[in-house]
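Make the full structure from the sequences, and use the hints.
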Amino acid sequence: MPLVPLKKKGIKTMKNKNNILSLLISAGLLAASSASIAKEIKFDHAISEAKGLRCGTKTFTAKEAEMKEKHFQTLRSKSPVDVQSMAAGSITIDVYMHVITDTSNNGALSQNTINAQMDVLNDAYAGTPFTFNLVSTDVTANNSWYTAGHGSSAEAAMKAALRQGDASDLNFYTNNMGGGLLGWATFPSDYASDPLNDGVVVLVNTLPGGSAAPYNEGDTATHEVGHWLGLYHTFQGGCRGNGDYVVDTPKERSPAYGCPIGRDTCKGKRAPGLDPVTNFMNYSDDSCMYEFTPGQSDRAVQLSSTYRGL
Numbered sequence: 000m001p002l003v004p005l006k007k008k009g010i011k012t013m014k015n016k017n018n019i020l021s022l023l024i025s026a027g028l029l030a031a032s033s034a035s036i037a038k039e040i041k042f043d044h045a046i047s048e049a050k051g052l053r054c055g056t057k058t059f060t061a062k063e064a065e066m067k068e069k070h071f072q073t074l075r076s077k078s079p080v081d082v083q084s085m086a087a088g089s090i091t092i093d094v095y096m097h098v099i100t101d102t103s104n105n106g107a108l109s110q111n112t113i114n115a116q117m118d119v120l121n122d123a124y125a126g127t128p129f130t131f132n133l134v135s136t137d138v139t140a141n142n143s144w145y146t147a148g149h150g151s152s153a154e155a156a157m158k159a160a161l162r163q164g165d166a167s168d169l170n171f172y173t174n175n176m177g178g179g180l181l182g183w184a185t186f187p188s189d190y191a192s193d194p195l196n197d198g199v200v201v202l203v204n205t206l207p208g209g210s211a212a213p214y215n216e217g218d219t220a221t222h223e224v225g226h227w228l229g230l231y232h233t234f235q236g237g238c239r240g241n242g243d244y245v246v247d248t249p250k251e252r253s254p255a256y257g258c259p260i261g262r263d264t265c266k267g268k269r270a271p272g273l274d275p276v277t278n279f280m281n282y283s284d285d286s287c288m289y290e291f292t293p294g295q296s297d298r299a300v301q302l303s304s305t306y307r308g309l
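If you're matching positions, the sequence shown starts at 0 in numbering that gives the first Met the number 0 and goes up one per residue.
By construction, these hints were calculated from the structure, which means they are not laboratory data.
Treat the hints with caution; some may be incorrect.
List time: in silico DSS-like cross-link candidates among lysine-lysine, alpha-carbon distance up to 30 Å [as the list claims (entries may be wrong)]:
1) LYS268 <-> LYS77
2) LYS69 <-> LYS266
3) LYS57 <-> LYS69
4) LYS266 <-> LYS62
5) LYS268 <-> LYS62
6) LYS57 <-> LYS266
7) LYS67 <-> LYS268
8) LYS266 <-> LYS67
9) LYS62 <-> LYS77
10) LYS67 <-> LYS77
11) LYS67 <-> LYS57
12) LYS57 <-> LYS77
13) LYS77 <-> LYS266
Printed below as a string of structure tokens:
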């Protein structure tokens with residue numbers, strides 16, 4: 000693969016990132032869905048930032064990350080993957096969409112909204128070897144699952160009942176988890192020890208046209224799927240050590256909120272470059288996030304190939 004920035008297809012400025020969504024809304028394709036979603040929770044950006052929340056996916060300590068990396072490198076050495084020879088879109092991931100509502104039908108999504116989310120996901124990963132294919136959508140009304148939080152018994156029950164496929168298939172759940180979270184995911188290395196838990200869970204209002212502004216353009220899914228493929232947050236490890244184990248993402252002391260272009264929280268010769276504010280694996284607003292690096296793409300392929308058989 001060529002070493003060029005992997006930006007969203009057709010995105011030249013951050014403002015242009017909303018073009019597809021705006022066209023869908025103006026054409027009436029998302030109007031009904033957006034109206035129903037708007038009646039649900041309003042995501043509180045200020046509270047989330049104050050609490051340091053957005054993503055519930057585990058951030059590992061330096062020691063934990065080092066141990067996981069040693070295991071990965073050992074397995075990788077036994078079955079190396081020629082990433083450079085892989086064409087864009089050459090790895091197809093089947094997606095099983097699980098829409099969770101309450102018994103009053105809050106959380107319901109139109110097929111247009113689900114399709115728009117798939118478009119956002121595929122647009123974000125354009126230029127990488129990954130492409131996503133929606134296989135099926137099911138809807139379940141369950142008040143407990145609708146508010147299932149990260150690591151809860153309700154989450155475990157939901158996934159045990161609904162999960163489909165194997166390690167190579169993406170199970171995508173939408174609900175109204177609350178607690179200041181937008182979503183969470185499992186890592187590829189987690190699958191062997193807990194296959195039923197595998198997948199991503201996202202706040203329903205983060206899908207395109209939802210009410211969780213500034214996180215309502217569908218890139219929470221992009222972010223969580225990045226974890227599902229093996230990527231860490233860009234601020235993993237802070238300014239020291241190996242960071243997120245990707246050479247071409249500059250080190251970052253803490254998550255970025257809003258769109259602080261030009262921020263530089265890690266200085267010195269050992270941490271060159273401005274913070275990767277526009278990277279999908281940060282906490283920036285959806286309108287600010289638009290790229291993966293070639294190193295992230297390569298790492299995601301290596302990890303998902305090693306642990307998921309992709």
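- Query: Which numbered conditions among the earlier hints are violated in the structure presented, ordered from lowest to highest?
  - Reply: Violated hints (numbers, rising): 1 and 13; every other hint is consistent with the structure.
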